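Colleague: Sequence:
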Amino acid sequence: MVGRTSDWERELGRFLKPFLDRFGHKARRQMCPLYVSGLIGPGDRKSIAPMAKRLGLGECDQLHHFIAAGVWDAVPVEAELLVQADRLVGGSDAVLVIDDTALPKKGTHSAPWRPPSRRDGFASRLTSN
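Residue numbers (the numbering used here): 4 to 132.
Please keep in mind that the hints were generated in silico from the structure rather than gathered at the bench. Fair warning: this is a prediction, and the values are worked out from it, not measured in the lab. Incorrect hints may appear among the rest.
Said to hold, decoys possible - DSSO-like, lysine-lysine: derived pairs with alpha carbons at most 30 Å apart:
(1) LYS56 with LYS20
(2) LYS29 with LYS49
(3) LYS56 with LYS29
(4) LYS20 with LYS49
To be verified - Pair by pair, the computed Cβ-Cβ distance ranges are:
(5) VAL100 with LYS56: 34 to 40 Å
(6) ARG17 with ALA77: 20 to 26 Å
(7) VAL78 with GLY46: 27 to 33 Å
(8) ASP89 with GLY46: 31 to 37 Å
Backbone N, C-alpha and C define an ideal beta-carbon position, used for all residues, glycine too.
Assemble the whole structure, with the sequences as input and the hints as a guide.
Modeller: Structure (structure tokens):
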């Protein structure tokens, strides 16, 4: 387990390096780790302005530009994602399943959800309120 903040930051940098190498532009390589650390770091608000404030960036313009206005080719980053996923999962017959249904929802505007049970019929799922 990662301990101190500097250890955590170093581990994040090591994880992101292959992806950053695919970004090309220097500003994107600089902003990506900040954005990712803002997403996975403390704080409930994950929008640009609160993240920029927590990260000590002052203005949120650069972070906003990285997300909203930056035009870049995603293909090299997606290719690296496949390489890294294959490296982590491994094997020619390996399968990676990502199930985000276990993540708790926040807010009052999310629709309630529960996994269907065996007793639930297709019709009852269609007609339930």
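Colleague: For which of the previously enumerated hints does the structure constitute a violation, in increasing order of number?
Modeller: Result: no hint breaks.
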